[in-house]
Amino acid sequence: GAGVSQSPRYKVAKRGQDVALRCDPISGHVSLFWYQQALGQGPEFLTYFQNEAQLDKSGLPSDRFFAERPEGSVSTLKIQRTQQEDSAVYLCASSLDPRAGGTDTQYFGPGTRLTVL
Amino acid sequence: QQQVKQSPQSLIVQKGGISIINCAYENTAFDYFPWYQQFPGKGPALLIAIRPDVSEKKEGRFTISFNKSAKQFSLHIMDSQPGDSATYFCAASVGQKVTFGIGTKLQVIP
Chain A
227 GAGVSQSPRY KVAKRGQDVA LRCDPISGHV SLFWYQQALG QGPEFLTYFQ
277 NEAQLDKSGL PSDRFFAERP EGSVSTLKIQ RTQQEDSAVY LCASSLDPRA
327 GGTDTQYFGP GTRLTVL
Chain B
47 QQQVKQSPQS LIVQKGGISI INCAYENTAF DYFPWYQQFP GKGPALLIAI
97 RPDVSEKKEG RFTISFNKSA KQFSLHIMDS QPGDSATYFC AASVGQKVTF
147 GIGTKLQVIP
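If you're matching them up, the sequences are chains A and B in order. In terms of the working numbering, the first sequence opens at residue 227 and continues consecutively. In terms of the working numbering, the second sequence opens at residue 47 and continues consecutively.
Extracted from the complex, chain B is given alone in its bound form (with noise of 0.2 Å):
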């Protein structure tokens, strides 16, 4: 069953535009919600997270907007560059235990 829902599974966004993804969850315990990064042969990394206190966060480029009531939370990357192309993966965690989404491989063309 998969627990964290992303979606689109692939992304292709021209420099300059902004790359959206979307995730949803079910499990209502899930407390922190992080956003990861990876590129190929490398681990994820983490790029920005949010409790779901909070409707919003913003660390330069990259943004959440969280939705407690419907359950979903996306992450915009504006004004996308060529080195944002890699894999963005959504999670949520409950504990210690992170669930990960399937991961949206973004590419943004010059």
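Excised from the complex, chain A in its bound form (with noise of 0.2 Å):
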């Protein structure tokens, strides 16, 4: 079956632009995660649906970003006013069953890699 999908796959945005950037995960999957993954450093953790759920927002590195999933579905990561240092690679990945916890296998989209001129 299809894995996850991210779009678009590349974005240049001006420094003070809004993005928003979109996941589709696995059919099913009830978990979902966003991640940022800087140039030569390993993804961190942005934020965490269960479901429609935003459990935990704990990685959101300030108030510009926000993230959505509202049917409990397709995802979608806003950056506001964007930075030059938001400049990364943004990671979504989603996962069957959140009760396995920490051992439910993360299956990761390509990811969007996001430029900030």
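Calculated directly from the structure, the hints in this document are not laboratory data. None of the values given here were measured: they were computed from a predicted structure. Do not rely on the hints blindly, as some may be mistaken.
Which residues of chain B face chain A? A partial, calculated answer using Cβ under 10 Å [said to hold, decoys possible]:
1) 50
2) 55
3) 80
4) 84
5) 90
6) 92
7) 104
8) 137
9) 141
10) 142
11) 143
12) 144
13) 146
14) 147
15) 149
16) 153
All C-beta atoms in this analysis are idealised placements derived from N, C-alpha and C, irrespective of residue type, glycine included.
The task is to assemble the complex, starting from two chains supplied on their own in separate frames and drawing on the hints.
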């Protein structure tokens, strides 16, 4: 079946612009995660949804970052007034069963590479 | 604060050799330790994982060794192949939150 898809794959924004990044998780996956991966670094946790509920947003770096998953499927990560330090790859992952806790395999999408000029 | 420390950051191994990547963690609440493999332009993919009550886990050519008292764990890739060339991340999780290491870029040369 189809994996996690993300769009756009590449996004160039001028400093101060707002951007919206989309994630389509694997069908039926309850949990959805957003990560930020800076160049040469490992992914860093941003936020986590279980269905439509945002259960953890402790990794969001500022109030310019906002994520939603209104119907418990597709999710959007929005960044307002982008800054150069926001340049990174934004990864989305989904997993099937939150009852498995952290042992439930997370399946990652290919990411959206955001460049802020 | 880097909660999961990974080394080396880059590694060159000859085909057929053993690749070894080491990680250390601070938070004793971590209860699951996955390793991910990432190819350029792709998202990370789970390779192998271990729980802290097990000292070793082997899947094919990939082995995780885990030392709970030292808070260290490592990935061994036996008979390394050019197709193994990728970036490898160790990680540790508590609940749903996964913390990744900085990554090791492995190059296997023929």
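Cross-check of the supplied hints:
A cut of 10 Å between beta carbons decides the hint on residue 50(B): the least distance to chain A is about 8 Å, and the hint holds. With its C-beta approaching chain A no nearer than about 8 Å, residue 55(B) sits inside the 10 Å limit, and its interface hint holds. For residue 80(B), the interface hint holds, the least distance from its beta-carbon to any beta-carbon of chain A being 8 Å, beneath 10 Å. At a threshold of 10 Å, the smallest CB-CB gap from residue 84(B) to chain A is about 8 Å, leaving the interface hint in force.
With a least beta-carbon distance of about 5 Å to chain A, the hint placing residue 90(B) at the interface is held under the 10 Å criterion. The restraint placing residue 92(B) at the interface with chain A holds, with a minimum CB-CB distance near 5 Å, inside the 10 Å limit. The interface hint given for residue 104(B) is broken, as the beta carbon of that residue sits about 18 Å from the closest beta carbon of chain A, more than 10 Å. Restraint check, residue 137(B) versus chain A: the minimum CB separation of about 8 Å is within 10 Å; hint holds.
The criterion of a C-beta within 10 Å of any C-beta in chain A is met by residue 141(B), whose closest approach is roughly 6 Å, and the hint holds. Taking 10 Å as the C-beta contact cut-off toward chain A, the hint placing residue 142(B) at the interface holds, the least distance being around 5 Å. For residue 143(B), the interface hint holds, the least distance from its beta-carbon to any beta-carbon of chain A being 6 Å, beneath 10 Å. The closest approach between the C-beta of residue 144(B) and any C-beta of chain A is roughly 6 Å, which is under the 10 Å cut-off, so the hint is satisfied.
Taking 10 Å as the C-beta contact cut-off toward chain A, the hint placing residue 146(B) at the interface holds, the least distance being around 3 Å. A distance limit of 10 Å between C-beta atoms decides the matter here; for residue 147(B) the minimum to chain A is near 5 Å, and the interface restraint holds. The restraint placing residue 149(B) at the interface with chain A holds, with a minimum CB-CB distance near 5 Å, inside the 10 Å limit. Taken as an interface hint, residue 153(B) does not check out: its beta carbon lies about 15 Å from the nearest beta carbon of chain A, beyond 10 Å.
Of the numbered hints stated above, those contradicted by the structure are hints 7, 16, listed in ascending order.
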